[in-house]
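So the chains spell out like this:
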Amino acid sequence: RKEVEQDPGPFNVPEGATVAFNCTYSNSASQSFFWYRQDCRKEPKLLMSVYSSGNEDGRFTAQLNRASQYISLLIRDSKLSDSATYLCVVIYSGGYQKVTFGTGTKLQVIP
Amino acid sequence: SQTIHQWPATLVQPVGSPLSLECTVEGTSNPNLYWYRQAAGRGLQLLFYSVGIGQISSEVPQNLSASRPQDRQFILSSKKLLLSDSGFYLCAWDKTGTQPQHFGDGTRLSIL
Numbered sequence: 001r002k003e004v005e006q007d008p009g010p011f012n013v014p015e016g017a018t019v020a021f022n023c024t025y026s027n028s029a030s031q032s033f034f035w036y037r038q039d040c041r042k043e044p045k046l047l048m049s050v051y052s053s054g055n056e057d058g059r060f061t062a063q064l065n066r067a068s069q070y071i072s073l074l075i076r077d078s079k080l081s082d083s084a085t086y087l088c089v090v091i092y093s094g095g096y097q098k099v100t101f102g103t104g105t106k107l108q109v110i111p
Numbered sequence: 112s113q114t115i116h117q118w119p120a121t122l123v124q125p126v127g128s129p130l131s132l133e134c135t136v137e138g139t140s141n142p143n144l145y146w147y148r149q150a151a152g153r154g155l156q157l158l159f160y161s162v163g164i165g166q167i168s169s170e171v172p173q174n175l176s177a178s179r180p181q182d183r184q185f186i187l188s189s190k191k192l193l194l195s196d197s198g199f200y201l202c203a204w205d206k207t208g209t210q211p212q213h214f215g216d217g218t219r220l221s222i223l
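Chains A and B supply the protein sequences, listed in that same order.
Note that the numbering used here has the first sequence beginning at 1, numbered continuously upward.
Note that the numbering used here has the second sequence beginning at 112, numbered continuously upward.
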């Protein structure tokens with residue numbers, strides 16, 4: 001089983017739609033979780049942290065389910081500019097910091 | 112605020128030539144530093160990471176090497192490039208304690 005798994009997509013959704021991505025992780029002792037956004041031919045950029053209680057930033061909501069070992073990202077009212085690849089990141093710090101990136105889920109918002 | 116600089120942005124090199132990519136971080140001390148490679152349409156592959164000056168850990172065997180001559184400087188090198196070394200190379204930094212990584216703009220390397 002991969003340490004971090006994401007559905008590669010692509011998810012093709014119309015403007016205004018709500019879309020959700022999941023990301024599963026295998027190390028139950030993982031401590032920090034993040035979502036990154038990567039545009040084509042660009043570097044990944046931090047989108048938001050994922051907190052145990054769930055957190056929201058505008059149209060974006062991130063949640064963590066420790067029992068089932070997955071994190072999710074919900075995008076409401078999709079915009080054309082949301083088209084990108086979304087990477088989940090899981091961090092384990094147990095004497096050393098191990099950062100694991102998912103391979104990403106591609107989102108294409110269609111007019 | 113912290114910034115990360117990576118150069119060059121684009122590089123075209125012939126097979127067998129040497130390589131040197133440089134990355135520097137400003138505004139922080141003793142960062143963890145990372146080199147990743149991303150092949151076209153693929154995920155990030157961690158190549159090297161460093162938790163301090165002169166300390167390098169390699170994640171995958173390859174003909175690349177890394178060095179950290181100064182606290183905030185990370186260099187990726189090769190003596191002889193292969194066609195398979197083509198890709199998008201990204202430098203990143205973070206601070207231990209479950210903080211997120213921040214990436215440089217990346218270097219797009221094409222081997223001819």
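FYI, nobody ran anything at the bench for these hints, they're computed from the structure.
You may find that some hints are simply not true.
To be verified - Non-contacting residues of chain B with respect to chain A, defined by C-beta distances greater than 12 angstroms in every case (computed):
1. GLY138
2. ASN143
3. GLN149
4. GLY154
5. LEU155
6. LEU157
7. VAL171
8. ASP182
9. LEU194
10. LEU201
11. THR207
12. GLN210
13. HIS213
14. GLY215
To be verified - Here are the computed lysine to aspartate or glutamate pairs in the EDC-like style, where the Cα-Cα straight-line distance is at most 20 angstroms:
15. B/LYS190 x B/GLU133
16. B/LYS206 x A/GLU15
17. A/LYS98 x A/GLU5
18. A/LYS45 x B/ASP205
19. A/LYS79 x A/GLU3
20. A/LYS2 x A/ASP77
21. B/LYS191 x B/GLU133
22. B/LYS206 x B/GLU137
23. A/LYS98 x B/GLU170
24. A/LYS42 x B/ASP196
25. A/LYS79 x A/GLU5
26. A/LYS42 x B/GLU170
27. B/LYS191 x B/ASP216
28. A/LYS79 x A/ASP39
29. A/LYS42 x A/GLU15
30. A/LYS45 x A/GLU5
31. B/LYS206 x B/ASP216
32. A/LYS106 x A/GLU5
33. A/LYS45 x B/ASP182
34. A/LYS45 x B/ASP196
35. A/LYS42 x B/GLU133
36. A/LYS2 x A/GLU15
37. A/LYS98 x B/ASP196
38. A/LYS42 x B/ASP182
39. A/LYS106 x A/ASP77
40. A/LYS42 x A/ASP77
Here the structure is a predicted model, which means the values were calculated and not measured.
We put the beta carbon where it would ideally sit given N, CA and C, even for glycine.
Now for the hints, and whether the structure bears them out:
no., hint, result
1, GLY138, "16 angstroms, holds"
2, ASN143, "6 angstroms, violated"
3, GLN149, "9 angstroms, violated"
4, GLY154, "3 angstroms, violated"
5, LEU155, "5 angstroms, violated"
6, LEU157, "8 angstroms, violated"
7, VAL171, "14 angstroms, holds"
8, ASP182, "17 angstroms, holds"
9, LEU194, "20 angstroms, holds"
10, LEU201, "6 angstroms, violated"
11, THR207, "5 angstroms, violated"
12, GLN210, "8 angstroms, violated"
13, HIS213, "7 angstroms, violated"
14, GLY215, "6 angstroms, violated"
15, B/LYS190 x B/GLU133, "15 angstroms, holds"
16, B/LYS206 x A/GLU15, "38 angstroms, violated"
17, A/LYS98 x A/GLU5, "16 angstroms, holds"
18, A/LYS45 x B/ASP205, "13 angstroms, holds"
19, A/LYS79 x A/GLU3, "31 angstroms, violated"
20, A/LYS2 x A/ASP77, "32 angstroms, violated"
21, B/LYS191 x B/GLU133, "17 angstroms, holds"
22, B/LYS206 x B/GLU137, "13 angstroms, holds"
23, A/LYS98 x B/GLU170, "11 angstroms, holds"
24, A/LYS42 x B/ASP196, "18 angstroms, holds"
25, A/LYS79 x A/GLU5, "25 angstroms, violated"
26, A/LYS42 x B/GLU170, "23 angstroms, violated"
27, B/LYS191 x B/ASP216, "24 angstroms, violated"
28, A/LYS79 x A/ASP39, "14 angstroms, holds"
29, A/LYS42 x A/GLU15, "23 angstroms, violated"
30, A/LYS45 x A/GLU5, "19 angstroms, holds"
31, B/LYS206 x B/ASP216, "19 angstroms, holds"
32, A/LYS106 x A/GLU5, "13 angstroms, holds"
33, A/LYS45 x B/ASP182, "23 angstroms, violated"
34, A/LYS45 x B/ASP196, "24 angstroms, violated"
35, A/LYS42 x B/GLU133, "18 angstroms, holds"
36, A/LYS2 x A/GLU15, "32 angstroms, violated"
37, A/LYS98 x B/ASP196, "24 angstroms, violated"
38, A/LYS42 x B/ASP182, "26 angstroms, violated"
39, A/LYS106 x A/ASP77, "17 angstroms, holds"
40, A/LYS42 x A/ASP77, "24 angstroms, violated"
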